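Colleague: Chain by chain, the residues run as shown.
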Amino acid sequence: MSANKQDRVRAQRWFDEFLMPLAQAQSVCLQRPISPFFTSAFDASCHEAESFLAQWHEIRVRQPRVPPNLRLPAPGAATLRLVGAGHNLISLTDSSLGRMGSRRARGVIMTWVDELIDSTTPPRTRGETFTRHELVTRLLALKRKDTVIKNWAYTYRFRGRRVPGNVTALPKLRRVRVSSTIRDLGSLWTELDRTTALELTERAHALVVRSPLTHLLHPNLFPGEKIPPFRFTWASIAVLSDPTMRSLVARTLADYGIAPLADQLGRALESFAAHRPSPNLRYYLMTLLAEMLGYYALTVERTPGHPWWIPKTRHERVFAAFLSAISDGPDWLSRLVELDDPRQLIRRLTTHLATRVDDAAKRLASSVVDGARLSSGPAEDKRENAS
Amino acid sequence: MVKSLVLERAILHQTRFRTPGVGPDARGVVLGGRGAVLFASLDGLVRFLGAYSHEESLDELIPALEIRQIITPLKTRELLLLVPAESSYRMDRVAGHARLVGGLVFTGTSRHFVQYRDWKSPLGYDVQDVVDTPADIVLYSDSFQQAYSFERPLDLPQLIFSLAPRLETQPADSSYERIWITVHQGLRGPCLRHLLRFGVRARIGEFSRSTRELVAHESELLLEASRVPEHVLELFRALPGVDVFRPVGDNYGVEIGYQHPVALESCSTLVAQDGLILFRGGADAIHIERKPSFAPIQHMVGAKQNSLIGKVGLGDTDGTDDALSASFGPTPGRSRDAEPSVAIPLKLTPRAHSNQRRVATIISFEQRSLFARVLYLMPQKALESMRVVISDEQFFVLDESGIEGVPLGQFYSELAPQIYVPVGYSLAPAIEPSLLQELVPGSQDGHIFFQPEDHDLAHDDSAHHKSSPHQPVRVADDAFETCSRMLLQRLAPHTIRTDAPGDLASGSPLPLFEYDRERRFPLWGLDEDAPVSAEETSTKSDPS
Chain A
1 MSANKQDRVR AQRWFDEFLM PLAQAQSVCL QRPISPFFTS AFDASCHEAE SFLAQWHEIR
61 VRQPRVPPNL RLPAPGAATL RLVGAGHNLI SLTDSSLGRM GSRRARGVIM TWVDELIDST
121 TPPRTRGETF TRHELVTRLL ALKRKDTVIK NWAYTYRFRG RRVPGNVTAL PKLRRVRVSS
181 TIRDLGSLWT ELDRTTALEL TERAHALVVR SPLTHLLHPN LFPGEKIPPF RFTWASIAVL
241 SDPTMRSLVA RTLADYGIAP LADQLGRALE SFAAHRPSPN LRYYLMTLLA EMLGYYALTV
301 ERTPGHPWWI PKTRHERVFA AFLSAISDGP DWLSRLVELD DPRQLIRRLT THLATRVDDA
361 AKRLASSVVD GARLSSGPAE DKRENAS
Chain B
388 MVKSLVLERA ILHQTRFRTP GVGPDARGVV LGGRGAVLFA SLDGLVRFLG AYSHEESLDE
448 LIPALEIRQI ITPLKTRELL LLVPAESSYR MDRVAGHARL VGGLVFTGTS RHFVQYRDWK
508 SPLGYDVQDV VDTPADIVLY SDSFQQAYSF ERPLDLPQLI FSLAPRLETQ PADSSYERIW
568 ITVHQGLRGP CLRHLLRFGV RARIGEFSRS TRELVAHESE LLLEASRVPE HVLELFRALP
628 GVDVFRPVGD NYGVEIGYQH PVALESCSTL VAQDGLILFR GGADAIHIER KPSFAPIQHM
688 VGAKQNSLIG KVGLGDTDGT DDALSASFGP TPGRSRDAEP SVAIPLKLTP RAHSNQRRVA
748 TIISFEQRSL FARVLYLMPQ KALESMRVVI SDEQFFVLDE SGIEGVPLGQ FYSELAPQIY
808 VPVGYSLAPA IEPSLLQELV PGSQDGHIFF QPEDHDLAHD DSAHHKSSPH QPVRVADDAF
868 ETCSRMLLQR LAPHTIRTDA PGDLASGSPL PLFEYDRERR FPLWGLDEDA PVSAEETSTK
928 SDPS
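Chains A and B supply the protein sequences, listed in that same order.
Using our numbering, read the first sequence as starting at 1 and increasing by one per residue.
Using our numbering, read the second sequence as starting at 388 and increasing by one per residue.
Rather than coming from a laboratory, the hints here were simulated on the basis of the structure.
Take the hints with a grain of salt, since some may be wrong.
List time: in silico SDA-like cross-link candidates among lysine to any residue, alpha-carbon distance up to 25 Å [as the list claims (entries may be wrong)]:
(1) K362/A with P229/A
(2) K5/A with G912/B
(3) K462/B with D519/B
(4) K145/A with E905/B
(5) K143/A with L899/B
(6) K150/A with D903/B
(7) K5/A with L913/B
(8) K5/A with R907/B
(9) K145/A with D903/B
(10) K143/A with T195/A
(11) K5/A with W911/B
(12) K143/A with P898/B
(13) K150/A with E905/B
(14) K145/A with G165/A
(15) K150/A with L899/B
(16) K145/A with P898/B
(17) K312/A with Q754/B
(18) K5/A with D903/B
(19) K226/A with A259/A
(20) K678/B with R575/B
(21) K5/A with E905/B
(22) K143/A with L897/B
(23) K312/A with S756/B
(24) K143/A with G224/A
With the C-beta cut set under 8 Å, the calculated list includes, among others, these residues of chain A facing chain B [what the hints assert, rightly or not]:
(25) A25
(26) Q26
(27) S27
(28) V28
(29) Q31
(30) G101
(31) A141
(32) R161
Being a predicted model, the structure only gives us computed values, none of them experimental.
In this text, a Cβ means the ideal position worked out from N, Cα and C, and glycines have one as well.
With the rest of the complex left out, here is chain B (with noise of 0.2 Å):
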């Protein structure tokens, strides 16, 4: 099959090509619907996608881009790589980068492929004979024409996924804005007061791997922690249960010292938006299919621990936290000059398990018609149970036995006596309920309601960088009435009248009217002559 000249080079405003599906571009060059790189192993394929996304965006060809494995009729197997050709400036791109990994790159649309412009035929080639093999894909080279087989497809994120980390080249860069950790559950406690000892800013959440097995893989903690201390960072990666990573665009994370071979940023459409994979180096990546529900990990520690925010390098730790330091070290901690801030205020944060009653919510003016129709369906017992204020823009509703009845709306529970924080948030610090009463005055004779800026807020993870001071709001109990009272509309009797044309003559029988008997000419007889003009007849007859 090989020949030694197979190609004719093309020329400026050749229109007619003998290669089917390509034609020229604006630029007059010869371009088909594809491009497609020849690979004679895999070791070039992955060097070209290294290299093509660390300078271009892979997000562009991943929508049509196609990778398979192909094969002669003398068993040879290659690989080739399938990309859109939209124009001749991305083929370039692309064949730049491929030439520089071995590969052969190509133009076409469906079934013949002819070698893509290069420095000897600027405008392409096109082919001096069709190839008329029954084959998948023909390939024209200047050296040679290949009949081709697919043999089967491999999927690029498995490819690009199962690649592991190699170890950085270049010293790392120490100073991370942001990093994830993974931790064994067996490690929660002693690595989370690490961290509050050290006044680190991390979130944690719980997450499961993903994986085929039927038995789970034990849950295992995220951690999302901002300026890490580099000691600290230290300490946890050498660490055995402790993985950190350092963040490669929103949905990546490559473990520190190590070094994706594929620039992952370039690819962010392979993995869901939410979801998350974690590279380990020498170890499988971590896939998580969906980001966890993140809290401060202040909640996520006794009172007695958090106590030690602000507080570190003052020893007054417990006996799990000195074991902590015996096996991480030294803790060289910050100054004792710094002054913590006098006047902390108070902040609605997010919280990951929330086992609180529900006994209170606070419906939208928009959803007065469901809110209708949820009364319609409750008993009377939790009608009277349930109290109703309803202010400008929404109706609060209250009940001590639990609201569940009401599916509307946003849920408090009671964080304090008559202190209500949104379901799902808790307050910020985290104080004691009679000191929180104390603090917010008016809890006596009314109800407090911490209410979220926006209530998407609790859907959306970003928001927990935006937690701000809430100013509560207070609903007088006096205003408070039971439902019944309050919603139902006051019966306003209406008078039916009795004189309406159909029923003055109300009484039995009907008033029945029976026509005449049928006749064949129904105006037989009957005078049909014009009739007396009115004026005439009124004056003639009328009695009055």
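Extracted from the complex, chain A is given alone in its bound form (with noise of 0.2 Å):
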């Protein structure tokens, strides 16, 4: 068998037993560690084959707030690089790496992880920011079986591997007791950084911010002071300048309320206030905020009682600031069509944070809200014909 047809070979096993279980929300087997140089064997073959295809064309995209007959496209060799970052990166949990002979073997792949992250371009369509989310968001919720065995003699530990059938055979005779815990991939991944200097959880995130939807969506993935606060970077605002996107991010941080994302969001916005945007950088930023606004204000609306936030950080008062400043723009609450038109709450509610905001995050705010505007017509249109 020559070279390149034992990785056509394991690029098919791979398929079959990581990728299209992965997709389709089913338990994965893993391969063996993905290098950077042999994800060119996925593009050149496997994923265009038709069986792999056929069964691509069933998976959809599994979030609740997007078009329900949005299909999701097969993954790119960009997101495959992803995924195979991911898929090592759960590989390195594997404790029989930890052995003599074997302990190289982590810092090779560790190598392999950083170069497959870095290689990743951001996703070019909104269907393929789709696939990536799902892809990195299944592969994350990935959970691993430990299973320990004991007999009258002996005791087996099974860490993610399946139990020989021979080890529980006979047991009342050999009074076999099996126990198992299922562990998720966070607690493993910070498990092996407190003993290890392999950083998984930097590399995780890393992963993730690769995938700008999940990072949307998800700005609290990764807790952690050596974690990289969240910030706006230029794949996350591109995904935002999708409108389907864009109100599905809305949706869900307003959902998850502005309090515990206050903080996060108002430092992410001085960081980017810092970077001098363009004015379309700004205004897809200022329309996600419009929008979350809104959404909060429906949330508060619905449920009576529902506590009104109040700044207390510097960063949470710059948020405020924002809110407050995109309240007193000309039009950016009339985009708020789907609404069922909370803008007199908005007002309230704005009115009831100006009054809390200092003056330095006014400014800042001011300085940002008045600049956003599209340099040349919507571009919303543009991005939906391109997925």
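Since each chain sits alone in its own frame, please combine them into the complex, following the hints.
Modeller: Rendered as structure tokens:
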């Protein structure tokens, strides 16, 4: 078997036993680590295979707030690299890699993870963004089953591996006791980070950042001191230029509630303003804030007794200043066409916030909001057509 | 043991002494850590305490003062007073008074005490030879040296409190600003009414004497009266069962006409801050461990007798008072021309006994977390019967069935319908509830709370002098809501997200992962070459 053929067989197996079950939210079987060079085998042949595309055709977006007929396109090479990096990140939790003779492998695999993540380009279409988001979220939802089997003489531990039948044979005679625990990836990575210098959580965060929709929908996915704070990247604002995805992000963040995210978003907005963004980028971000404010106002309106958020920290005041500045703008709120016109409530809400904002935050917000405009007509239509 | 010459004079700049524990102070005076005054008898010691306390403060010496009975090998007993010798100035004052009453003054630190300086040796003395005798203390004088053993200590407070006051040699000053009066329970009514008749401002409390007996003494009354007319004072002094004391400091009283041998003002630390000791001439002192709670005497008599205020000498008294007048003699009284003030402000004044029901409480915002905890523990019925108003700084809680379930805040009792005063307080002058309702407008559709100016006043006896007109607070009846409705947070259902990453594959079975089979060399056969660049890959293979 030539090397090329070997790679194709490996790639086919990776598709069949890892990628497809992952896309279908089923249990997956990890394969040998994916090197950056090996990913070229994906796009060379396998992902174009008819069987693969036929199966993939059945996969739909599982997000409840996107159009139900949105079909996920097959993952591109960049997404496959990102999923390959995630595959390797999961492989690193294998305790057998910590044995004598195998320890070097961890360092090599880590290098591959970094290279795969670094070489992942941002998604270019709405479909690619959703595909990447679906795969990344399902990858992060994977869990490991650890089984401990005790008989009258021995104790066997199978961490993430299938239990051979002979271990549990003759259970009454050998007094076999089986106990199992389910562990999620976050805890596995955190535990390894404590005992090794692999920094898996930071790499997992970097992986999520390469999926901009996931990053926007879950800004608090990896809390920790070493994790850099949430930032609006060019890729994430590109996602916000799509009305469907922007609406999804705005609803999701509004559902989280303003209070838990205000500090993070205020910090991100301050950083965004410091980079002197173009009017287009400002426009899309401010539109997100306007929609988010609208959904939040609806939540407040529909749940009597819902406490109004009061900014406390400096970054929360910055965020409040942005919300307040948006409501002062001429037509930001007029974009909330699909809402039940909560503008009156928003006025009251932002007036309430404006009294708790200092002048510095107001100036910062005004400098961004005032310059936010589209340079050449709305681009949403183009984005929708592109998908 | 007696030698004719045992001391030598200390000279200026002498730094080495044979006496252990002494040295020159800044002035060159030989001084040890303590001073000792030797008295031949208890009489001398008492005279010294009396003389010293009248000129200096005994409180300075008391913390480290010791009195010991000492005994010589020949069984001669003497008294030794040990005081701290912080400076030669203090020792000079001690020595001056001690020599006047025949005491011998020494200085030293632990065991050897040498005679303190006198006019013959201005810088003090040093011993020629130190006596090496097993003794508790050795005193070196210019005429003798003597070893002593400690026999027993004498307690200074016990000594001072057991001293009987002696008759005053000078005529007593009959105008006392303030006096203490002890009254037996049987004379309570007549005495109070008599004081009221003459408009004496007095406060009354009840006390029991400190006793070591199992059967306690019957409680007595203690009155604190100010500006008592002279004839009333004479009457009380002459009445059996009544003792009149002039205050000495805050914690002592000496019966009028007597004087304590020691100046009690200079030894105030012997008594607890709120204690009181009353010295009686020819009888034991009265020890009151803690001053009782006082209340104006106006509240201790009935409403009829209260009407006597300001009507002294008009003769409209009941039979009891006539009897008192008969026993006390004629009542000179004030002039009929003295017109009572027309506008009498209502005052909130403490009262000694309060058995009124507590129907309201005012809780400050500082206690709101505690209040919340209490609410969690309360049964449903209690929560329903409790009504609450939240003002800017306080919770007003009202429960006609009793507010004892909320052990917080300042409790109030209902003096008149919907008019409340703090528990332990009353309004003065005492007026009928119906009249009070008429006087306080707005009590028909609101609740009136008379709040003390400071909650601490309730525990501070000195505050009785500070009672002043109080402006009541009115809370509209409509503002009260049941506790359940007012305080409990409204339920705001929180929408649970269903698309969190962990829930994406919420259907069963869980999306598990399994590792590949174990390999001895995990990377064997894999290509570890450099990766293809991202741009190259994406341009080649991106299907979009």
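Colleague: All hints are to be evaluated individually against the structure, with a verdict given for each.
Modeller: Hints versus structure:
| no. | hint | verdict |
| --- | --- | --- |
| 1 | K362/A with P229/A | 22 Å, holds |
| 2 | K5/A with G912/B | 13 Å, holds |
| 3 | K462/B with D519/B | 20 Å, holds |
| 4 | K145/A with E905/B | 17 Å, holds |
| 5 | K143/A with L899/B | 5 Å, holds |
| 6 | K150/A with D903/B | 23 Å, holds |
| 7 | K5/A with L913/B | 13 Å, holds |
| 8 | K5/A with R907/B | 24 Å, holds |
| 9 | K145/A with D903/B | 14 Å, holds |
| 10 | K143/A with T195/A | 20 Å, holds |
| 11 | K5/A with W911/B | 17 Å, holds |
| 12 | K143/A with P898/B | 6 Å, holds |
| 13 | K150/A with E905/B | 21 Å, holds |
| 14 | K145/A with G165/A | 16 Å, holds |
| 15 | K150/A with L899/B | 23 Å, holds |
| 16 | K145/A with P898/B | 10 Å, holds |
| 17 | K312/A with Q754/B | 23 Å, holds |
| 18 | K5/A with D903/B | 20 Å, holds |
| 19 | K226/A with A259/A | 23 Å, holds |
| 20 | K678/B with R575/B | 18 Å, holds |
| 21 | K5/A with E905/B | 23 Å, holds |
| 22 | K143/A with L897/B | 7 Å, holds |
| 23 | K312/A with S756/B | 21 Å, holds |
| 24 | K143/A with G224/A | 21 Å, holds |
| 25 | A25 | 4 Å, holds |
| 26 | Q26 | 6 Å, holds |
| 27 | S27 | 4 Å, holds |
| 28 | V28 | 5 Å, holds |
| 29 | Q31 | 6 Å, holds |
| 30 | G101 | 6 Å, holds |
| 31 | A141 | 5 Å, holds |
| 32 | R161 | 6 Å, holds |
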